[in-house]
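Trainee: Now for the letters of each chain:
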Amino acid sequence: MTQIKDSARHTRVVPGQPDMWAFVLFEALIFTGYFSVYLFNRAQRPDDFLPYQASLDLRIGVLNTVVLLLSSWSIARCVEAARAGDYRKASLKAGLTALFGVVFFVIKASEWVHYTAQGNGVTSNEFFNYYFFLTGIHCLHLLIGFVVLAVVIYQLRSPLRRSQQLIETGATYWHTVDFLWVLIFALLYVVR
Amino acid sequence: MTAATTRSASPPAPPAGRSLRAVGWHLRHNPKRELWVAWWAMVVFYQFFGVIFFIVTRTQPPPNPALDVASRVQWFHDNHDGLLIGFAIIFIVLGMTAPINALIAYSMRRMSVSPAFGYAYLVMYSLSAIPGMLLLCIVLTVGAYRPDRSPELISWLYDFAFLSFVGTMGVFLIGSLVWMTAILIDTNRVLPKWFGYLNLCNALTEVVVSPAWIFDRGVFAWNGLIAWWINMVVFAIYTGAFIVLLKQMIQREDFGTGPLPDLESRRHSDESTASTEAR
Numbered sequence: 001m002t003q004i005k006d007s008a009r010h011t012r013v014v015p016g017q018p019d020m021w022a023f024v025l026f027e028a029l030i031f032t033g034y035f036s037v038y039l040f041n042r043a044q045r046p047d048d049f050l051p052y053q054a055s056l057d058l059r060i061g062v063l064n065t066v067v068l069l070l071s072s073w074s075i076a077r078c079v080e081a082a083r084a085g086d087y088r089k090a091s092l093k094a095g096l097t098a099l100f101g102v103v104f105f106v107i108k109a110s111e112w113v114h115y116t117a118q119g120n121g122v123t124s125n126e127f128f129n130y131y132f133f134l135t136g137i138h139c140l141h142l143l144i145g146f147v148v149l150a151v152v153i154y155q156l157r158s159p160l161r162r163s164q165q166l167i168e169t170g171a172t173y174w175h176t177v178d179f180l181w182v183l184i185f186a187l188l189y190v191v192r
Numbered sequence: 001m002t003a004a005t006t007r008s009a010s011p012p013a014p015p016a017g018r019s020l021r022a023v024g025w026h027l028r029h030n031p032k033r034e035l036w037v038a039w040w041a042m043v044v045f046y047q048f049f050g051v052i053f054f055i056v057t058r059t060q061p062p063p064n065p066a067l068d069v070a071s072r073v074q075w076f077h078d079n080h081d082g083l084l085i086g087f088a089i090i091f092i093v094l095g096m097t098a099p100i101n102a103l104i105a106y107s108m109r110r111m112s113v114s115p116a117f118g119y120a121y122l123v124m125y126s127l128s129a130i131p132g133m134l135l136l137c138i139v140l141t142v143g144a145y146r147p148d149r150s151p152e153l154i155s156w157l158y159d160f161a162f163l164s165f166v167g168t169m170g171v172f173l174i175g176s177l178v179w180m181t182a183i184l185i186d187t188n189r190v191l192p193k194w195f196g197y198l199n200l201c202n203a204l205t206e207v208v209v210s211p212a213w214i215f216d217r218g219v220f221a222w223n224g225l226i227a228w229w230i231n232m233v234v235f236a237i238y239t240g241a242f243i244v245l246l247k248q249m250i251q252r253e254d255f256g257t258g259p260l261p262d263l264e265s266r267r268h269s270d271e272s273t274a275s276t277e278a279r
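As you go down the protein sequences, you meet chains A and B in turn. 1 is the number of the first residue of the first sequence in the working numbering; add one for each residue after it. 1 is the number of the first residue of the second sequence in the working numbering; add one for each residue after it.
Simulated from the structure, these hints should not be mistaken for laboratory data. Just so you know, these numbers come straight off a predicted model, no measurement behind them. Fair warning: there could be bad hints in the mix.
To be verified - Partial selection, computed: residues in chain A whose CB lies under 8 angstroms from chain B:
#, residue
1, A22
2, E27
3, I30
4, F133
5, H138
6, L140
Backbone N, C-alpha and C define an ideal beta-carbon position, used for all residues, glycine too.
Next comes chain A alone, as it looks inside the complex (with noise of 0.2 angstroms):
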């Protein structure tokens, strides 16, 4: 009975570390927190928001999802082989959401440039403000997750080293990028 108590003590709750959901639940708080204020402020002044949100292409926006949606479902898939001791399987899963990330990425950086070549500059206009930042604070968490996708790919490369933790924390730092990009492609994109 004691063994049984001990064993349901020492079950994990959620995937990874504990310590990242912390992390999660924090930057989903400061996002809640980004996107109170441009949904306050586009209430307030929607002539300053919605003309210029029209200029956005959807289509592109649609294909960030999708490109870090397939991440996630890569990463997942990472964390499938590596329970299941397919180490090789797990890197080249781990590489192929870097892979994705670096797709999504390239994406994100033309369609800046395409938006300041037609005049919607950062400063240009109060929407587009809120475009730059909101995109731009997420690529920058796009970039962390390069250095954690590149932890992962280290611990499963040693037999030494192959902590299952870790490569589910860096799991769920992924699905935290792509969940934050769904949230902005929709408040962005879609709300109008």
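Starting from the known structure of chain A, fit chain B onto it as the hints suggest.
Mentor: Using the frame of chain A, we list chain B on its own:
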């Protein structure tokens, strides 16, 4: 800056209670006295920081960056006494930042990581305090002491002071990342991993301040909801967290080189939980 110190002679047992004799004993014999002095310096400094910046000088929350030249001169006039008295006190207590940085560096020296982390943090935070705090104090004091100067010069001092103070928060970013990395790779359990990740949150919000250089009105200006208010909330949570965690680190310190033991209260709680479950 050596965390592990050999204590050869064991001091006499401390007197019971909170009498003057007990305080005297702790001042002479408590091996953690320097750590406690550094921790109390941190608590006292942040009290001064809060009262002087938010109440006495009224520099926090920062005033409107879009004020015209005449209003800026008026701002210096209205806050003349507060600026002079408040920053005079800051110049006196500024030295307390040294033991604060030293205590944080000590936490890294107690970890299983290279001493380079502690040294890097110490140098970076010592340098960051110049644009991140000291310049504001000096520049606004100059403005308050020289009200007869040309309004354009006073206006320039106003921009220089607040852009230096708010706009350069990013200089603290690398220090936060150094502390984060040390915590995440440490195996001595000196500070919890969630606090390592909180360092990352703090570093990211320091990046968010940078639009204050571009915008002089709205949410991205130096007094804006995003560039200042949300960041200040995160910074307050971060500061509160490390004050508590460093206190617990000192309580747990055993001057060894291996993992830090748990707090007594937590150990008792774990033991009682285990014994309850065993029944």
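Trainee: Compare the structure with each hint and give your call.
Mentor: Now for the hints, and whether the structure bears them out:
1. Among the interface hints, the one on A22/A holds; its C-beta lies about 4 angstroms from the nearest C-beta in chain B, closer than the 8 angstroms criterion.
2. Hint status for E27/A: holds, given a least beta-carbon distance of 6 angstroms to chain B, under 8 angstroms.
3. For I30/A, the suggested interface contact is upheld, since its CB lies about 6 angstroms from the closest CB of chain B, less than 8 angstroms.
4. Residue-level restraint check for F133/A holds (minimum Cβ-Cβ distance to chain B is 7 angstroms; threshold 8 angstroms).
5. A hinted interface residue such as H138/A counts as satisfied when its beta carbon comes closer than 8 angstroms to some beta carbon of chain B; here the least separation is about 11 angstroms, so the hint is violated.
6. Because the smallest distance between the Cβ of L140/A and any Cβ of chain B comes to about 6 angstroms, under 8 angstroms, the interface hint for this residue holds.
When the structure is compared with the earlier hints, a violation turns up for hint 5 alone.
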